[in-house]
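Got chain L; can you put chain P on it based on the hints?
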Amino acid sequence: MLGAIATPLSPTLALAASEVRVLTGDNSSATQRAVEALRTRLPRLMAGSEIEALSRRTGPAVYLAIGPAALRALVAGGLRAPVVSLFTSSQAFHQIVGSALAASSRITAIYAEASPEHQLRLLSSIFQRRVSVGVLLTAETAHLEPLLTQVARELDLEIQFHQVRANTNIVRELNRLTAADVLLAVPDTGIFSPDNFRDILESTYRRGQPVVCYSQGMVTAGCLAAAYASVEDIAAQAAETVAEVDAGHVPPPRYPAYWRVAVNDSVARSLNIVIGEDVRRLGERPTGTR
Amino acid sequence: MRRGPSITALLIGIATLPAFVMFLVVSASIYATRVGEVRADIDERGRLLAAVLADGSRYGIVSGNVPALQETLRGLMTTDASIAGIEILDVQRRPIASAGTAANGGALVFERPIKGLAIDADLFDSSAPHGIGDERPKFREGPLIGYSRVRMSPEPLMKARRTGLLIAGLIVLVAAVLSATLGLWLTQRVRRPLGDVMSALRSIQQGDYAVQLPRDGQGELGELQGAIVDMARELAAARQELEAKVAERTAQLEEAVQAVRAADDEKRRLIVHVNALMEDERRRIAAEIHDQLNASLLAVRLTAASLRSRDGASPPAEEVDEAAERIDKTVEAVYVSARRIVKMLRPEVLDTLGLRKALDEMVRQYDEMHPTCRFRLLCAPDFPQLPDPLAITVYRIVQEALSNVVKHAQATDAVVSLSMEEDGRRLVVAVSDNGRGMGGGSATSGIGVIGMRERTRAAGGTLEITPNASGGTVVEVRFPWNPGDAAGEGDGSTPA
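Going down the list, the sequences are from chains L and P.
For what it's worth, the numbering used here labels the leading residue of the first sequence as 1, then goes sequentially.
For what it's worth, the numbering used here labels the leading residue of the second sequence as 1001, then goes sequentially.
Simulated from the structure, these hints should not be mistaken for laboratory data.
Only true hints are included.
Covered stretches of chain L (in silico footprint by chain P; criterion: 3 or more residues with CB under 8 Å from a CB of chain P, positions within the stretch not fixed):
(1) 182-196
(2) 213-226
Away from chain L, derived, C-beta distances all over 12 Å, residues of chain P:
(3) T1008
(4) D1208
(5) A1262
(6) I1271
(7) A1287
(8) A1299
Note that CB positions come from ideal geometry on N, CA and C, so glycine has one too.
The following block holds chain L by itself, in its conformation from the complex (with noise of 0.2 Å):
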């Protein structure tokens, strides 16, 4: 079980009236590493793997769910506080929250992906040209049609969507998309797995399609790029939205204000792909961070 979690006083932030209560889901050192980096905006903070524990101190609080488990858990307890989920994807909070409770005012969200604009903004001045964007979607994605629709349009993209069925054979379904000059991965558990990843990367790789994706464990599996959002991207923002939450408003959930690239250049060699150091520079930064 997570431990005590110390609460030294800063000064920074030492006027928020609600307290912070860190809700972890695992004892992970990347658990760790976001606690230490929530820390680092909300000195005040309290942390801990029980919702019991948590819920019994006193005082007006607000509850940062750090991943899905921890999310899950904050649901199901039931409490009347403001909850932020951090670290967890867009797909999986809709899964996780439902559409009545993500309705309610008190819980919200920073989804984990950056937004579909930030990443076609990326795939954008990756290829600096009107190139064709295929994109797979399942029935849980397949809302963010018309935002990658419009945005697509602004920055001059052709877009084009497969629909395909949860679970199936993505490479077979790959065959629908040859005709794109680029593949756009969104998060969404039907489609993107372990077990079919690598093939997915290979069946790309062949047709000499790059994917543009969402993480960056996935550009170094072997993605081209991705747009994504740092952990000390997160923690800026998580501490921005408690500050709204103690100033008594609480907004909808939404995808990272912060955004960086990653570039993975063996595999933009391979397809004879030159990504500028402009192109890495893309992104917004918080405050005080590179």
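Chain P only, in chain L's frame:
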């Protein structure tokens, strides 16, 4: 009788059989090694091909690109003649693509599962926090998606290596022939000396020890030849020695037989002589009795009758006195005659005086009757009194010896000695003289001597007749003696 193969046959066998066996073993070994190599090679190729195929066909199965898979399999079939067939199967082992034969037909089958390759990248697919996962993706084995199956036939590989196998076999055969030839050549060098050795051994077996072997052999063979010659020489010497011993023993045996025969002759002669003596003695005693006793008794009878035939008248006193005196003299003469006869039959003195004094009396009588020779008796103080049978034996032997001295020796001095050996276990009775000694055979083969020998032998003693150192003869008799056999104390005489 010779049994089994000859040395030549054995040597030929020794020279050729190892080469033949070597040829068989090496050929079999080469064949087995080659077959093993082919099987190992096929095994290795099959496993490798199945593994490569499993890896290479993964994407074809996932993408469903069967024509590409089929083309890949056909291409693989052309790379190795040992590949009899290749199949790509789905999870239920139904063929997806295949090339070559699907029948086993003695081919070795290699199968390997085809599994997907999973990547644990940050796909936002788990309940762990999204977007903060490890940047380094982890690869792991994915789910089973099918099987690769390869059928490998060893026949093409064996066919390719058969020529090499044949050449290796020919090389081994040539080596075996060369080895056998060399063995035969070496055998030929050994065969003649060994044949000579065998001939020599057969000669020795047949008793001919005068064998000759050329000592031209080297090393142990030469040593063997030399040993056989030496052995034959030693056998010849041993045989000669044995024959000499046999001849010597045969001569000894013949001498013993002759001695037995001589003894038998002596006994026969002795028996005849004794019988004659007994007849003479009986005749003499009869004559004595007739001439002396009968005549005297008749004279007494006549004298007595003359006294009674006077018609009742008493004879005159002078006549009676005269008759009584005649009768007294006649009876005295009869007594003397009877005593002489008894004395001839058994020395009375022996019973009355004992052996020592009887001999003393005998020696004294000889000394009186033969003044030209001095007779003496030397008796050791510890000489015991002998029991009767032994005493009469000693008495008769001494009597015969002294008789011979008188008859033949022409001696001037004769000594009878009675003594005991130092250990007290033997009596020694010796009669020695300084006469002319044993001139002829009568001294040792006469009837008297035979009698002495027989008497000695009957008493368990030994008799030796040897020349005296100072001239003359020594008759020496030894009897075994047990002190418990003594007849009594004192001088040995018995009361008259």
